[in-house]
Structure formats: C-alpha cells, structure tokens
Amino acid sequence: EAGVAQSPRYKIIEKRQSVAFWCNPISGHATLYWYQQILGQGPKLLIQFQNNGVVDDSQLPKDRFSAERLKGVDSTLKIQPAKLEDSAVYLCASSFQTGPTYEQYFGPGTRLTVT
Amino acid sequence: AQSVAQPEDQVNVAEGNPLTVKCTYSVSGNPYLFWYVQYPNRGLQFLLKYITGDNLVKGSYGFEAEFNKSQTSFHLKKPSALVSDSALYFCAVRDIDDYKLSFGAGTTVTVRA
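Quick mapping for you: the protein sequence lines, in order, are chains A and B. Residue numbering for the first sequence is 1 to 115, as defined by the working numbering. Residue numbering for the second sequence is 1 to 113, as defined by the working numbering.
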C-alpha cells in the first residue's frame, strides 16, 4: 500500500512570495490533515478535511493560508504572502475516517524556508 | 482543551538497556492516546494507540505503552533498546469529543552502542 505522498520535499522562498504544497493521501482515506511543525515543537493542526469538506480550520491563519481538496482526494495548501515565521515543515496526513480511534498516517513533509 | 506534556527533551540510554519515554495528558473526557516516531527527514510513523481495554498496549518494533488513568500518563517503553531506536518520539492525545490530535513537544531518544 502506497503511503501519503507530498511534494515538493524542500522549498526556499523569500518573504512576501507565495508557495503551494501538494498532498496525495492513502487510497481510500476520507480524512486529510495539514499540520505545521516548527523546529523543536510537535505538529500543530492547520486544517482537516472529510472528503472535500472542511471539518476544522480554526487554527489556519486565513489571511495568508488557504487549502482545498476539490475532488476529495488530493489537496493543496497555499501560503500567500509568506512570512519569516512560516518557516517550518508542513506535514500532510490521512486517516480512513475522522473518528478519534483512527490513527493518522503521515507523509514525509515539505520543509519550507522563508528568507 | 486537551494537552500533552513530554517532560524530557532528551533521553539517553545504552543499547540493551530499558527505554522509557514519559508522557502525561490532560483531557476533559476519555482520552485516546497515541505514540508516533519521527526519523530524520521523514514523516511521523504510528507506533501504537490506546483506545480502551487493557492498560498495556503493544505496538510496532517491540514498543509498548502503559495507560495509567489515575496518573494521567501514557509512558512508552521498550525492554531492550537498539541503536536504530534513536529518533524523535511524540505522544499525542485526542478527546472523545474533539477531532484534533494534540501533540507533545517531542522527546529525542539517543541509544549509544
């Protein structure tokens, strides 16, 4: 079974530029998550999708971050414009369903450096 | 609100010795508890989870964890550590009424040969 795929793996941009990350979850997984992991901290949930609908985006900085999962499979996370404090690893995860007992499977992440 | 504390930033053990990584949690209802491991430049890998039932949970790579409700703890253990267990370990908790998975700050485990 293929795991969660993410691209790119690394990205370096200047502040005020825009950037987009792509995620392909495990086949058949209805729930998709985007996390931000700042160095030295645990991952923090940014947004959670159930199929193509948003379940929770309460911690997404909506003035600059946006995410979509139009067909209920792949997802894109965008930052526009980027700030220095956005430097982090962005992790995508998926689970079979949204229930609290389902473990999440993580992709390798995209390491973003904003200069 | 739910939260997780991992009181040790680093744990150092010799190969062959027991390994313990500590985790305490706070939730308003019944907790669902998870352990993940992260190797350099890789995503988090699921190790084990506690949902209900037996307080001792067995997981991947010889790891186990003990749920202690009175102490609100969920410590990760391995009887005999390997050098290849050196990684970053995260404890996470989900409240029954909350979709969010809240992670601790992580504990770096170093196993020396």
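Keep in mind that the hints were calculated from the coordinates and are not lab data. There could be a bad hint or two in this list.
Restricting the straight-line Cα-Cα distance to at most 20 Å, the calculated cross-link-like pairs of lysine to aspartate or glutamate (DMTMM-like) are [to be verified]: (1) B:LYS77 to A:ASP56; (2) A:LYS44 to B:ASP9; (3) A:LYS15 to A:ASP86; (4) B:LYS100 to A:ASP57; (5) A:LYS71 to A:ASP86; (6) A:LYS44 to A:GLU14; (7) A:LYS62 to A:ASP86; (8) B:LYS49 to B:GLU66; (9) A:LYS44 to B:ASP95; (10) A:LYS83 to A:GLU14; (11) A:LYS83 to A:GLU103; (12) B:LYS22 to B:GLU8; (13) B:LYS100 to A:GLU14; (14) B:LYS77 to B:ASP9; (15) B:LYS22 to B:ASP54; (16) A:LYS78 to A:GLU68; (17) A:LYS83 to A:ASP56; (18) B:LYS49 to A:GLU103; (19) A:LYS11 to A:ASP86; (20) B:LYS49 to B:GLU15; (21) B:LYS49 to B:GLU64; (22) B:LYS58 to A:ASP86; (23) B:LYS58 to A:GLU103; (24) A:LYS44 to A:ASP56.
Comparing the hints with the structure gives:
no., hint, in the structure
1, B:LYS77 to A:ASP56, "33 Å, violated"
2, A:LYS44 to B:ASP9, "18 Å, holds"
3, A:LYS15 to A:ASP86, "9 Å, holds"
4, B:LYS100 to A:ASP57, "10 Å, holds"
5, A:LYS71 to A:ASP86, "27 Å, violated"
6, A:LYS44 to A:GLU14, "23 Å, violated"
7, A:LYS62 to A:ASP86, "13 Å, holds"
8, B:LYS49 to B:GLU66, "10 Å, holds"
9, A:LYS44 to B:ASP95, "16 Å, holds"
10, A:LYS83 to A:GLU14, "8 Å, holds"
11, A:LYS83 to A:GLU103, "32 Å, violated"
12, B:LYS22 to B:GLU8, "7 Å, holds"
13, B:LYS100 to A:GLU14, "31 Å, violated"
14, B:LYS77 to B:ASP9, "16 Å, holds"
15, B:LYS22 to B:ASP54, "19 Å, holds"
16, A:LYS78 to A:GLU68, "9 Å, holds"
17, A:LYS83 to A:ASP56, "23 Å, violated"
18, B:LYS49 to A:GLU103, "8 Å, holds"
19, A:LYS11 to A:ASP86, "12 Å, holds"
20, B:LYS49 to B:GLU15, "25 Å, violated"
21, B:LYS49 to B:GLU64, "9 Å, holds"
22, B:LYS58 to A:ASP86, "37 Å, violated"
23, B:LYS58 to A:GLU103, "15 Å, holds"
24, A:LYS44 to A:ASP56, "12 Å, holds"
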